[in-house]
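> Chains A and B, in that order, are what the protein sequence lines are.
The opening position of the first sequence corresponds to residue 1 in this note's numbering, with each subsequent residue numbered one higher.
The opening position of the second sequence corresponds to residue 1001 in this note's numbering, with each subsequent residue numbered one higher.
Hint data in this document are derived by calculation from the structure and do not stem from the laboratory.
Here the structure is a predicted model, which means the values were calculated and not measured.
A few of these clues could be false.
To be verified - Only part of the chain A face toward chain B is listed, based on derived beta-carbon distances under 8 Å:
id, residue
1, Ser6
2, Arg19
3, Thr21
4, Leu25
5, Glu28
6, Ala29
7, Arg33
8, Met34
9, Asp42
10, Leu43
11, Pro55
12, Leu56
We treat Cβ as the ideally placed atom computed from N, Cα and C, and that holds for glycine.
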Amino acid sequence: MDNGMSSKTHNANSILLARRTVLQLRTEASRERMKVSKASADLMNYCTEHAMADPLLVGFPTSDNPFKDKKPCTIL
Amino acid sequence: MAAEKAEMDALKKECDGLRAQIEAARKAVNDGSMSASAGGVEAVGRVQLKLRKNLKGHLAKIYAMHWSADSRQMVSASQDGKLLIWDTFTGNKLTAVPLKSAWVMSVAFAPSGNLVASGGLDNICTVYNIKAASPKTLRELDAHTGYLSCSRFLSDSEIITASGDTTCCLWDLETGKQKVVFTNHIGDCMSLALSPDENSFISGACDSLAKLWDIRSGTCKQTFSGHTSDINAIAFFPSGNAIITGSDDCSCKMYDLRADQEVIGYQDTSLNAGVTSVALSNSGRLIFAGYDDFNCHIWDSLKGEKVGVLSGHDNRVSCTGVPADGMGVCTGSWDSFLKLWN
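Kindly produce the complete structure, drawing on both the sequences and the hints.
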């Protein structure tokens, strides 16, 4: 039931894990955060600025479609 | 014993304090939602893409696919024990790579086009040279103690892997050894994506968290919560300032890295299927999300509205990908077919 670990080892592992968690949370807590309104505006601007370069969004001529089946020409 | 308990109590108290501090800091900058800001943005209208190619060749469920950087070749992996490399312009199969283990879960194309990598329940990431006369195993990266769920090449000499053993890893392909191990998730890592500048990557895991990592230092920079079940899929918004996740909780979310929080969610009461895969169009405006309901639903990333659907598969959509030139989207399914749409 104890998978072979003594309770002493178990406690030591828990403490190591807790120490690592604290260090990690300290790193995450210390960062600067941008206002959501500004972050959202930046994302919106990116979409707008790059819209014309997004073929799936704005479409493109059929002749430029790399995936369409190319029918062979027949000589009448 | 008493000293240990005292330290444990102090650490727990500090953890709780730090978590509260982080939540407060996030709240303090939460001055408006993305969908509110996007009120003035023009709607995209109904997005109706047509099926251009149905790629037949695999004999069992497809689990993964990845576009080559040339936007023409693509590699797919199936539990029929093969990788297939396709010329998507013609629909022809260029190369078949037989796998030692049929239980494949991930596949990746190196940016050079020279190498592909795959792995799965064998816990090993195998790298193949596909430019040789016949595909040749270059390296077997064997150190994970859990399944290989995802891999992405930085170059022909470095690759990052995500594993069911809860870690991600940066490998040196010249030596076949681990360079950096990324430890912090407490659940199976399911997916990873490289940042556009390749200095960081993001991982999604079964602990319902997404994490941003610094590749060189190995440190976890940020953690994003909110999902209520496994995160199966993750992708970067093209600017590199936001990430998109897809989860078994049937929703997708966008987290902004600089605001350090979720800015918009993508869910619908009619959608009761888990998300398996996500990919973005080149401007970041469209999100293609593959679901267990056999469809790939298309979302307007700014307004949070469903704007289209790619229907046609007869089983779960397991993988989705948009090539670098943004000219189409590929879906792969448990029905053994890959479909190309634009």
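> Name the hints, by number, that the structure is in violation of.
Those not satisfied come down to hint 1.
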